[in-house]
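Positions 0 to 439 (numbering that gives the first Met the number 0) are the ones given, in order, by the sequence shown.
Calculated directly from the structure, the hints in this document are not laboratory data. Hints are not guaranteed to be accurate.
Unchecked claim - Computed spacing ranges between beta-carbons, pair by pair:
no.: 1; residue 1: P363; residue 2: D260; range: 32 to 42 Å
no.: 2; residue 1: G297; residue 2: T198; range: 43 to 53 Å
no.: 3; residue 1: T247; residue 2: S332; range: 37 to 47 Å
no.: 4; residue 1: P121; residue 2: N281; range: 48 to 58 Å
no.: 5; residue 1: S137; residue 2: K69; range: 43 to 53 Å
no.: 6; residue 1: E235; residue 2: D116; range: 20 to 30 Å
no.: 7; residue 1: D260; residue 2: A353; range: 34 to 44 Å
no.: 8; residue 1: L82; residue 2: G155; range: 30 to 40 Å
Ideal placement from N, C-alpha and C gives every residue a C-beta, glycine not left out.
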Amino acid sequence: MRRSDVLLGVVVLSGAFAGASCGELTSDDPHQKIADQDCAHCHIEEYKQATNPIHVGAMPTTCGDCHSEKAWHPSNFHHGFPLGGAHLTAKCNDCHTGDPPVYEGTPTVCYGCHKSDYENSPYPGHQTYPTTCQDCHSTIAWKPASPTEHPFPLAGAHASTPCDQCHVGNPPVYKGTPTVCVGCHKSDYDNSPYPGHQTFPTTCEQCHGTIAWVPASKVEHPWPLNGAHGAAACAECHVGNPPVYKGTPTNCVGCHKADYDSSPYPGHSTYPTTCDQCHGTNAWKPATPAEHPFPLDGAHAGTICAKCHTGNPPVYKGTPNTCVGCHKADYDSSPYPNHQTFATTCGDCHNTTAWKPATGGGHPETKFPVSTGAHSKFKCADCHNASLGPNGKGNADCVGCHTGTHARSKMDAKHKEVGKYPTGSAAPNFCLDCHPKGKN
0 MRRSDVLLGV VVLSGAFAGA SCGELTSDDP HQKIADQDCA HCHIEEYKQA
50 TNPIHVGAMP TTCGDCHSEK AWHPSNFHHG FPLGGAHLTA KCNDCHTGDP
100 PVYEGTPTVC YGCHKSDYEN SPYPGHQTYP TTCQDCHSTI AWKPASPTEH
150 PFPLAGAHAS TPCDQCHVGN PPVYKGTPTV CVGCHKSDYD NSPYPGHQTF
200 PTTCEQCHGT IAWVPASKVE HPWPLNGAHG AAACAECHVG NPPVYKGTPT
250 NCVGCHKADY DSSPYPGHST YPTTCDQCHG TNAWKPATPA EHPFPLDGAH
300 AGTICAKCHT GNPPVYKGTP NTCVGCHKAD YDSSPYPNHQ TFATTCGDCH
350 NTTAWKPATG GGHPETKFPV STGAHSKFKC ADCHNASLGP NGKGNADCVG
400 CHTGTHARSK MDAKHKEVGK YPTGSAAPNF CLDCHPKGKN
């Protein structure tokens, strides 16, 4: 117990003894003067009876070095290294041996206490190991060891592999053990039947991972092995006995020339051999032309090529890529409305989802609605006069429909008060300037 203050010859105690005092001690034996008082004068019996560790002959009587005034237990001393993990529950005399136990000069490195473990380790033998035990062992438990300075990370299947599978011999050899894959896996390389590795480099990690030796991941293949290629056996492309790898074609037609030559529908004789323009790796069929002149979406996506590319063999080069090129018959024979006065830009009213119903997609509904209201009952040609030009505002013929009470001669008379009203020969759609939605 450390004294906290000395006032006029009186020791004032704190902590667990706050409020008490030793008083003014006399010089009668065995007492000493107040200036020489220390914990051991009161706690000498605790000192003598301490067994964990034994204090007599091994510990000084300066109790304040390890104990505090807050509580006698636990002691608070400065160990040479942190007492964590299994050291925390170890008894002092496990390391501080002797009778009495020796404290001063006790080793603070692992090997100082664990020399016998080092020398007697059968698995693996440590004769070639350094004595820096912490490189592989931790304070949580002596076993299992976890080498922190292995030449390569012990990940995947290597993490659970016993040391003597790579470090062979009796005792096992560590220094000079190969650190490259083929050093341990040479027999796997030599005996691989599928595919034979005779033409392969011995840099195993290019195709194999540490998680499992099989299947190989082929990480440096000339192109990604995805889709159907991911499940294809190597020998399907790398043929021969042994299989040939170096020089194997890396373009589609190198393996798929027979597919190209024998394709009956459509015949490919006029096609380029850049197969990936139309075919994907998920499946050879159906083809999905990536460079078609227009997107094959909507109903076009399910249309077979020969519907547009006709002939025997089918013709591809020069096939029209505008709607009317394939849909001229639809345009010519449309009875409702009759299309003779319509432009042949079919996309103005039709879309690829379905030919019917027409969407009238080219009409400016927000400016002049024809899907609702009074104008919804008229055919397109009732308002749009082909003789006036292409479909649009320019060929709208308002005065052609608005007759009788809306005849131009009557409308001119009613609009005399309207400034800038066009009289005489004005365009037949001049009404739209003031009546953009066909209303008053």
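Hints that the structure is at odds with (numbers, increasing): 1, 3, 5, 6
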